[in-house]
Amino acid sequence: MKAIDMENVQTLLDQFANEPVYIHLETTNGAYAKHFDSNAHNVGAYIRNAEITYERGTIVESDGTYRVGLKTNGWIYAEGITDYEMNENDQLLMAGHDGEGRLMVALEISRTPFKM
Amino acid sequence: MVDFAKHEQVVIIYPHPDDESFGTSGTILNFRDAGVPVKYLCGTLGEMGRNMGTPFFANRETLPEIRKQELIDACNVLDMDLVMLGYRDKTLEFESKYEVAEDLKQRIEAADATLVITFYPPYAVHPDHNAMGAAAFEAVRQMDQDKRPEVWATAISNDREANLGEPDIVLDTESVFDRKLAAIKSHKSQAEGMLRKMQESSNFTGEYESALQRLRYETFYKVDVDQVDS
Numbered sequence: 001m002k003a004i005d006m007e008n009v010q011t012l013l014d015q016f017a018n019e020p021v022y023i024h025l026e027t028t029n030g031a032y033a034k035h036f037d038s039n040a041h042n043v044g045a046y047i048r049n050a051e052i053t054y055e056r057g058t059i060v061e062s063d064g065t066y067r068v069g070l071k072t073n074g075w076i077y078a079e080g081i082t083d084y085e086m087n088e089n090d091q092l093l094m095a096g097h098d099g100e101g102r103l104m105v106a107l108e109i110s111r112t113p114f115k116m
Numbered sequence: 001m002v003d004f005a006k007h008e009q010v011v012i013i014y015p016h017p018d019d020e021s022f023g024t025s026g027t028i029l030n031f032r033d034a035g036v037p038v039k040y041l042c043g044t045l046g047e048m049g050r051n052m053g054t055p056f057f058a059n060r061e062t063l064p065e066i067r068k069q070e071l072i073d074a075c076n077v078l079d080m081d082l083v084m085l086g087y088r089d090k091t092l093e094f095e096s097k098y099e100v101a102e103d104l105k106q107r108i109e110a111a112d113a114t115l116v117i118t119f120y121p122p123y124a125v126h127p128d129h130n131a132m133g134a135a136a137f138e139a140v141r142q143m144d145q146d147k148r149p150e151v152w153a154t155a156i157s158n159d160r161e162a163n164l165g166e167p168d169i170v171l172d173t174e175s176v177f178d179r180k181l182a183a184i185k186s187h188k189s190q191a192e193g194m195l196r197k198m199q200e201s202s203n204f205t206g207e208y209e210s211a212l213q214r215l216r217y218e219t220f221y222k223v224d225v226d227q228v229d230s
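One line per chain: the protein sequences are A and B, in this order. Every letter in the first sequence is one number past the one before it in our numbering, and letter 110, counting from 1, is 110. Every letter in the second sequence is one number past the one before it in our numbering, and letter 89, counting from 1, is 89.
Because the hints were derived from the structure by calculation, they are not lab data. Bear in mind that the values here come from a model prediction, so they are computed numbers and not experimental data. Keep in mind that the hints are not guaranteed to be accurate.
Residues from chain A that face chain B, not an exhaustive set, calculated with beta carbons under 8 Å [what the hints assert, rightly or not]:
| no. | residue |
| --- | --- |
| 1 | Leu-93 |
| 2 | Arg-102 |
| 3 | Met-116 |
Where a beta carbon is used, it is the ideal one built from N, C-alpha and C, also for glycine.
Build the full structure now, drawing on both the sequences and the hints.
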C-alpha cells in the first residue's frame with residue numbers, strides 16, 4: 001500500500017458508486033490490549049462481504065489522516081485511514097496503520113466477493 | 001524429566017500460524033529428536049493479523065497467503081506434519097464447539113494420538129486460543145476412555161498461576177533453541193515486531209541471547225478433561 005493520494009482515491013471511490021459492491025470494514029486495537037494494559041479493553045468491529053450500493057463516496061483529510069464516508073440508504077464510514085492500494089483484483093483497499101505498521105482500521109470495496 | 005520417546009504420536013492443536021513456534025516449538029523439537037511424529041492441526045491462517053510491516057510487506061488481502069507460507073516454512077524447520085483446518089481468524093468462538101470438536105476427534109483418532117497439546121481455556125487470552133482449546137478438550141472428552149490421549153495445555157493469561165497453580169511441565173528448550181528461533185523467524189510477519197522491541201530494549205545482548213532469555217522455558221498443565229468445566 002502507499003500513502004493516500006486524495007485526488008486519486010476520490011476518483012476510485014467515484015468509480016464504485018451506484019452499483020452493487022462488497023464491503024470489508026474493520027477496526028481493532030488487537031486481541032492483547034487488555035492483556036498488556038489492565039485498564040484497557042479490547043474493542044473491534046468487523047464486517048466482510050456485506051453487499052451494498054452507495055450513491056456517493058467521499059474522502060476527507062483531517063490532521064494527516066483521512067476519513068472516508070459512503071452514503072447508502074444509511075451510512076458507512078471509516079476514520080484514521082492512512083494508506084491505499086488498488087490491487088490486482090480491482091479491489092480498493094484503504095487502511096490506517098500506526099507507526100509500527102499495525103493495521104488499526106480498514107475499509108475495502110470490491111465488485112466481487114472478498115476471498116473467504 | 002519428560003520421557004519424550006514414550007509417546008507414539010503427538011497432535012498439536014492451536015488456532016494461529018506462530019502459536020506453535022513461540023510457545024511449543026522447543027517441545028516439538030524434543031519429540032522429533034526422539035523420533036516421535038508430530039502433527040499440527042492449525043485452525044486458521046491468522047487472516048486478521050495486524051502486522052503489515054514497516055515498510056509494508058502485506059495488506060489485509062495478501063496476509064493469509066503470506067502467513068500460510070510462513071507456517072509451511074516453520075513446520076519444515078520443526079519437521080512436523082501440517083494440517084490446515086480452514087477456520088477463519090477471530091471467529092472460532094462463534095463456531096459450534098461441538099462441530100469443531102467432532103472434526104478434531106476424528107483427526108485425533110485417525111492419527112492414533114497418544115498426546116494432544118492445545119491451549120488451556122479460559123487462560124489463553126486470545127478468543128481463538130480459548131475456543132480452540134475448549135473444542136480440543138471436548139474432542140478428547142467425546143473419545144472412549146481407553147483411547148484417550150494425554151492432554152497438555154498451554155496457559156498464558158496473567159492470572160494463570162493464581163487459578164491453576166504451578167505448571168506440571170516446565171521444559172528448558174536451550175538445547176534446541178537455535179532451531180526454535182529459526183521456527184519463530186519463519187513467521188516474519190509476526191516476529192518482526194518482537195525482534196525489533198528486543199533490539200531496542202536496554203538489556204539487549206544479541207538476538208539469540210535475548211530471545212533465549214524470553215522464550216527459553218515452555219510450560220504446560222496436564223489436563224484431565226473430565227475435571228475441567230471448559
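Structure-based check of each hint:
1. With a cut of 8 Å, the hint placing Leu-93 of chain A at the interface with chain B holds, because the nearest CB-to-CB distance is about 5 Å.
2. Annotation: Arg-102 of chain A was flagged as interfacial toward chain B, and the flag holds, the nearest CB pair being 4 Å apart, inside 8 Å.
3. Because the closest C-beta pair between Met-116 of chain A and chain B is about 7 Å apart, less than 8 Å, the hint holds.
In terms of the numbered hints stated before, the structure departs from none.
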